[in-house]
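Throw the hints in and build the complete structure from the sequences for me.
Spelled out, the chains give:
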Amino acid sequence: MTSDVVTIAWKDLREVLLQSGTLRKSLRGLLFSFLIFGVFLPLQIGPDLVREPAAILPFAWVPLLLASGMVADGIAGERERHTLETLLASRLSDRAILFGKVVAAIAYGWGFMLVSAAVGLVTVNLANTGHGILLYSPVALVLLGVFGVLGAGLVATGGALVALRAPTVRQAAQNMNLAIFAVILVPVLVLQVLPEDVRRQVFTTLSGLDWPTIGAGAAVFFALVDLLLLGAAMARFQRARLILD
Amino acid sequence: MTDCAIRTEGLTRDFGSLRAVDGISLEVPAGAIFGFLGPNGSGKTTTIRLLLGLLEPTHGTATVLGHDARTDAAAIRQHCGALLEHSGLYERMTAQDNLEFYARVWHLDPSQRRERVHELLSGLALWDRRNELVGAWSRGMKQKLAVARALLHRPDLVFLDEPTAGLDPIAAAALREDLTALARREGVTVFLTTHNLGEAEKLCDQVAVIRSGHLLAVGRPDELRGQARRDRMEITGRGLDARVTALLSAQPAVESAENDGGRLTLRLRDGQDTAPLVTLLVHEGVEIDEVRKGGADLEEAFMALVGTDQ
Chain E
1 MTSDVVTIAW
11 KDLREVLLQS
21 GTLRKSLRGL
31 LFSFLIFGVF
41 LPLQIGPDLV
51 REPAAILPFA
61 WVPLLLASGM
71 VADGIAGERE
81 RHTLETLLAS
91 RLSDRAILFG
101 KVVAAIAYGW
111 GFMLVSAAVG
121 LVTVNLANTG
131 HGILLYSPVA
141 LVLLGVFGVL
151 GAGLVATGGA
161 LVALRAPTVR
171 QAAQNMNLAI
181 FAVILVPVLV
191 LQVLPEDVRR
201 QVFTTLSGLD
211 WPTIGAGAAV
221 FFALVDLLLL
231 GAAMARFQRA
241 RLILD
Chain G
246 MTDCAIRTEG
256 LTRDFGSLRA
266 VDGISLEVPA
276 GAIFGFLGPN
286 GSGKTTTIRL
296 LLGLLEPTHG
306 TATVLGHDAR
316 TDAAAIRQHC
326 GALLEHSGLY
336 ERMTAQDNLE
346 FYARVWHLDP
356 SQRRERVHEL
366 LSGLALWDRR
376 NELVGAWSRG
386 MKQKLAVARA
396 LLHRPDLVFL
406 DEPTAGLDPI
416 AAAALREDLT
426 ALARREGVTV
436 FLTTHNLGEA
446 EKLCDQVAVI
456 RSGHLLAVGR
466 PDELRGQARR
476 DRMEITGRGL
486 DARVTALLSA
496 QPAVESAEND
506 GGRLTLRLRD
516 GQDTAPLVTL
526 LVHEGVEIDE
536 VRKGGADLEE
546 AFMALVGTDQ
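These protein sequences, in sequence, are chains E and G. Every letter in the first sequence is one number past the one before it in our numbering, and letter 74, counting from 1, is 74. Every letter in the second sequence is one number past the one before it in our numbering, and letter 116, counting from 1, is 361.
Keep in mind the hints are simulated off the structure, nothing from the lab. Built from N, CA and C at the ideal position, the CB exists for glycine as well. Everything hinted at is true.
As a list, the in silico DMTMM-like pairs of lysine to aspartate or glutamate whose alpha-carbon atoms are at most 20 Å apart:
{"hint": "1", "chain 1": "G", "residue 1": "Lys387", "chain 2": "E", "residue 2": "Glu80"}
{"hint": "2", "chain 1": "G", "residue 1": "Lys447", "chain 2": "G", "residue 2": "Glu422"}
{"hint": "3", "chain 1": "E", "residue 1": "Lys25", "chain 2": "G", "residue 2": "Glu377"}
Partial list, derived from the structure: chain E residues whose beta carbon lies under 10 Å from chain G:
{"hint": "4", "residue": "Asp4"}
{"hint": "5", "residue": "Gln19"}
{"hint": "6", "residue": "Leu92"}
{"hint": "7", "residue": "Ser93"}
Simulated coverage check for chain G against chain E, where a stretch passes if three residues somewhere in it have a Cβ under 8 Å from a Cβ of chain E:
{"hint": "8", "region": "299–311"}
{"hint": "9", "region": "317–325"}
{"hint": "10", "region": "345–359"}
This is the structure:
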């Protein structure tokens, strides 16, 4: 099944990366994202980008935005463009097709996050020449590596579930964007409405926590949620059901 | 492979209260081009989906290439190719990438992939345009490419769901020609659905007629024509009046006679000599311009079958 998963991922990535005819044209379309996440934000953050692990958080937007779009296009888009039925009529198993699409979305989101982080590092070094060579800390690299994959996985598996229920790509993308904003904004809004003393207590508690343990716990939690969502998507991704959709 | 590529017995599929396919029993010989004829909404596409194991039958059985469609659908899809209702091509990818992708799906190794893609694209005169995005192509070219994709892995059986639908007559004729040549060369069994009777007559060794999920008839196109209507004779000339029409209707060779303003159409009984009819007309003073004798075409046969069912 692994080769089938790779084949589907190869097709999805190729379709997205070469949709304008050439890789160069497609990358030109992604230039805006690189300018924002690889140049503008690193210039704003400065050397703290490599000194403070939390400063790399803006890169988390890259997989959120790209992986969600990719999985919406890969599932709802195939159905909308009438290519899914032909794929289902091939020898590929349901799982290989679904896993391939999830892997493609993770690779796309996480890959561009890593590229953005690398471009950001170059930008910070070029803009701050007096500090020697600036490099990400090991903690930041772990965050980019582990949480980058898990975050992209969360968006890809959750997105697959949403896309399976959406009649069109646009509807799938809208639903996913709403879900992403809800996940990010709700905690911020809750913090805003908390009384001042409660909020201060929350921050005091957070600053006193054992972060490596919290990080490991969070990684396990994300991994479990990813698996849960993948399981739900697998239950929904069935040939006979998709044909009738 | 068995001598029979497809065998169904009482194949039935319901969608809620609607019976889309109703107890179809048929056999498709291996190596044949089999036409599945029916008007729109008659159950042709649902039948293909059942045969490919994409849908489960409500009742009945289907055996395709020796595999049960209900329990062994993966094995069926392994050995079949399909061009379904839509071409299923990735329009944001090039023609070569479309075939390259499906060649990977069918586990062709890299050298086989290159050879096969070249062979098929060259055979369909698409090789020079292999690096163009498919989205920019005409419908006829897309259908050709989709046929190539269906045959890519040298399947034993290929399902083609209305392959020439929406094509202009020239593109349709070109595709039919390519399709026949490819199918004969590759020795593949073809299960072709169409509502184009001329197409079925030109392409198919055997045809089945379906309406509202019911199978109305199965056989060679000439058998079907024979089943539906007898031979006919068309006579034009002066003096073909009601008296002459009645006289001809009374002849043992004639099943029926219709007079349409000086044009007489006779339906003939099997094996009857028609020369005496012409002699009779001359004897009755009819001045004959033209006499044409021929069999019913498939369209007539189809209309007769469908009309009888209604």
